[in-house]
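Trainee: Sequences listed follow chains B and V, in order. Numbering of the first sequence is given in the working numbering, commencing with residue 122 and proceeding in unit increments. Numbering of the second sequence is given in the working numbering, commencing with residue 6 and proceeding in unit increments.
In case anyone wonders, no lab produced these hints; they're calculated from the structure. Hints are not guaranteed to be accurate.
[Stated by the list, open to error] PhoX-like mimics (lysine-lysine), calculated; alpha carbons at most 20 Å apart, straight line:
(1) B:391 - V:21
(2) V:252 - B:391
(3) V:152 - V:7
(4) V:7 - V:150
(5) B:391 - V:232
(6) B:391 - V:230
(7) V:248 - B:394
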Amino acid sequence: MATLVIAEHDNAGLKGATLNAVSAAQNIGGPIHLLVAGSGCGAVAAAASTIPGIEKVRVVDAPHYAHPLAENLAALVVALAPGYSHILAPATTTGKNFMPRVAALLDVAQVSDIVAVIDADTFVRPIYAGNALATVQSADAVKVITVRSTGFDATAASGGSAAVETVQAAADAGMSRLLGQELTRSARPELTAARIIVSGGRGMGSGENFSILEALADRLGAAVGASRAAVDSGFVPNDYQVGQTGKVVAPELYIAVGISGAIQHLAGMKDSKVIVAINKDGEAPIFQIADYGLVGDLFQVVPELTARL
Amino acid sequence: MKVLVPVKRVVDYNVKVRVKADGTGVETANVKMSMNPFDEIACEEAVRLKEAGIVTEIVAVSIGPAQAQETLRTALAIGADRAILVETAAEVQPLAVAKILQAIAQAESPQLVILGKQAIDDDSNQTGQMLAALLGWPQATFASKVKIAEGNAEVTREVDGGLETLSIRLPAIVTTDLRLNEPRYVTLPNIMKAKKKQLDVTRPEALGVDVAPRLKTLKVEEPAKRKGGVMVKDVADLVAKLKNEAKVI
Chain B
122 MATLVIAEHD
132 NAGLKGATLN
142 AVSAAQNIGG
152 PIHLLVAGSG
162 CGAVAAAAST
172 IPGIEKVRVV
182 DAPHYAHPLA
192 ENLAALVVAL
202 APGYSHILAP
212 ATTTGKNFMP
222 RVAALLDVAQ
232 VSDIVAVIDA
242 DTFVRPIYAG
252 NALATVQSAD
262 AVKVITVRST
272 GFDATAASGG
282 SAAVETVQAA
292 ADAGMSRLLG
302 QELTRSARPE
312 LTAARIIVSG
322 GRGMGSGENF
332 SILEALADRL
342 GAAVGASRAA
352 VDSGFVPNDY
362 QVGQTGKVVA
372 PELYIAVGIS
382 GAIQHLAGMK
392 DSKVIVAINK
402 DGEAPIFQIA
412 DYGLVGDLFQ
422 VVPELTARL
Chain V
6 MKVLVPVKRV
16 VDYNVKVRVK
26 ADGTGVETAN
36 VKMSMNPFDE
46 IACEEAVRLK
56 EAGIVTEIVA
66 VSIGPAQAQE
76 TLRTALAIGA
86 DRAILVETAA
96 EVQPLAVAKI
106 LQAIAQAESP
116 QLVILGKQAI
126 DDDSNQTGQM
136 LAALLGWPQA
146 TFASKVKIAE
156 GNAEVTREVD
166 GGLETLSIRL
176 PAIVTTDLRL
186 NEPRYVTLPN
196 IMKAKKKQLD
206 VTRPEALGVD
216 VAPRLKTLKV
226 EEPAKRKGGV
236 MVKDVADLVA
246 KLKNEAKVI
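Please model the complete structure; the sequences and the hints are all you need to start from.
Mentor: Dropping the structure here:
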């Protein structure tokens, strides 16, 4: 039986998390189909067809898929579900939004946020903010799964040549519509896709002070993140937040600046390959998980670090 | 209009959970239990809508053991008008929770169901969306702002790239994110008042819902511990280590 992976995209380009979901699908085994549902999304379908290991890209192009509204997207996936043993989507805010709807309509459980595939029925997922890992087995005929990107290396984005097939749209549910978006514009990499992340906490003191982190991030080609304390203090917007209630990241290098290391923050970054902590309090819990700790005044250390790179 | 607010009794967010030695789950005996923080935000939002004159009645629902009555009393103290406990000692997974809530929603006919976006124990983030699907209602998850007007809800959502605002037709499902509001402290007079409010008890069987789990937990284990590393003496030392030892820059 085949696996259907729901691609995440903005009608112009494929989002990176799709490649991690494809990688999870490869671990399950069997042919992989990719669904690209959008409006004017031909370029995304073309890009998707070059992902190695995909058998077929199924494209649905209709105005009511311009934005991934849960009601419309779930109805479409359910219509396409027969013939698939597994339906996967990245565990992003988009995947988390529509996938449980798919599962309920199919009367099956959803396995959320998997970080490992044991076999076609058995998966590992974090519970209690990552303080425990549960191995769960599904007895349902169709496995509806969201994939945590940090659990799987992204597959290659090009080199393949999958067939592209056009699929008919499902009806527009007409229950919801998008009124507007306020997306953070940044020239820096996306947090969940960045190789290096520089994050600031309450110790930054103000939003203006984040400029010293931005200077360091630009020198390293890094993304800028924040702890919940920094977000709650109004220093930076919520989409900067790394942690149990924000984004889960696992970059090659994570530099935590002025972050004490609350459990809820660690839940979002402890799988990073190398962690650096810079904090004036030598007793801060962040030092217990950091590979390299530096006790000092961040306002002196960070600019010096930027200058030395 | 009537609002339904489902609440879950979970291990308190301040408790450092411990995995049981036999790998069957996490230790919940003699551990402090509280209302799931996202559900508290859901209660608070319902109460604010009532204070704004939009909502007339708030019904809190919980599914779980007899002790979940305490969680419902907390909801009543925040400002819910009455409560329903669907009592069961069994493990109830999100799909079964959604089916129970569907039965209650069909009996109560609320215009809005406000739920926490996820419970901090199983971190599933499914129930609200599943309930919306079963009822055939629209949904707005991860809400940071809710406005009700003329048969619609205008909901601002926290999404990966920032914020987006949806208009959804009522009746509808809203799930809460952290920044929607800051729940009030419950006062002693309100705790006393809550004790006198109506709390009905029913069971999943009485609602015709089969709660048999679909997912079997084979084992629960602790994640690999991260070893603490070394302290560096200065910035030059740090740069040297990152370049030569970790080789990440």
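Trainee: Now tell me if each hint is right for this structure.
Mentor: Here is what the structure says about each hint:
| no. | hint | in the structure |
| --- | --- | --- |
| 1 | B:391 - V:21 | 16 Å, holds |
| 2 | V:252 - B:391 | 19 Å, holds |
| 3 | V:152 - V:7 | 15 Å, holds |
| 4 | V:7 - V:150 | 19 Å, holds |
| 5 | B:391 - V:232 | 11 Å, holds |
| 6 | B:391 - V:230 | 10 Å, holds |
| 7 | V:248 - B:394 | 14 Å, holds |
Hint violations for this structure: none, all hints satisfied.
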